[in-house]
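*Asks:* Sequence:
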Amino acid sequence: MLPNCNGDWVECALYVPHLAVTLARDNVTVDPYAFSGEIQSGRELQHGQMALLTGGHFYFRQDVRAVIKRSPRMP
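Residue numbers for the sequence shown follow the numbering used here, beginning at -12 and rising by one.
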């Protein structure tokens, strides 16, 4: 039985590099997208790190339609 989610924030910073390496090994790229008012160093750093480690690109405050047009299509 899974525990109920109580809404507490869980810090996952240590898991980002491990997940990114695992995804890259399986040829999965991650292209995170964030549209917020300001760069918040912790969160955007993790997004950028995930993109960098998987060969993807981190999109920040760019037109979402243009980002979708540039993204590769799934078969």
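It cannot be assumed that every hint is accurate.
Stated by the list, open to error - Simulated DEER-style distance windows between Cβ atoms:
| hint | residue 1 | residue 2 | range |
| --- | --- | --- | --- |
| 1 | D13 | S58 | 26 to 34 Å |
| 2 | N14 | R57 | 18 to 26 Å |
| 3 | G42 | A21 | 14 to 22 Å |
| 4 | E31 | V8 | 28 to 36 Å |
| 5 | G42 | Y2 | 15 to 23 Å |
| 6 | Y2 | A53 | 13 to 21 Å |
| 7 | R52 | V8 | 12 to 20 Å |
| 8 | E31 | S58 | 15 to 23 Å |
No lab work stands behind these hints, which were simulated from the structure alone. Positions of the beta carbon are idealized from the N, C-alpha and C atoms, including for glycine.
*Asks:* Against each hint, give a clear statement of whether it holds in the structure.
*Replies:* Verification of the supplied hints:
For the pair D13 and S58, the supplied restraint of 26 to 34 Å is violated, since their beta-carbon distance comes to about 18 Å. Between N14 and R57 the beta carbon distance is about 19 Å. The supplied range of 18 to 26 Å therefore holds. For G42 and A21, the hinted distance range of 14 to 22 Å is satisfied, since their beta carbons lie about 19 Å from each other. Roughly 20 Å separates the CB atoms of E31 and V8, a value that falls outside the hinted 28 to 36 Å.
For G42 and Y2, the Cβ-Cβ distance of about 19 Å falls inside the hinted range of 15 to 23 Å, so the restraint holds. Taking the beta carbon of each, Y2 and A53 are about 30 Å apart, not inside 13 to 21 Å as hinted. Distance hint for R52 and V8: a CB-CB separation of about 32 Å, inconsistent with the stated range 12 to 20 Å. Taking the beta carbon of each, E31 and S58 are about 19 Å apart, inside 15 to 23 Å as hinted.
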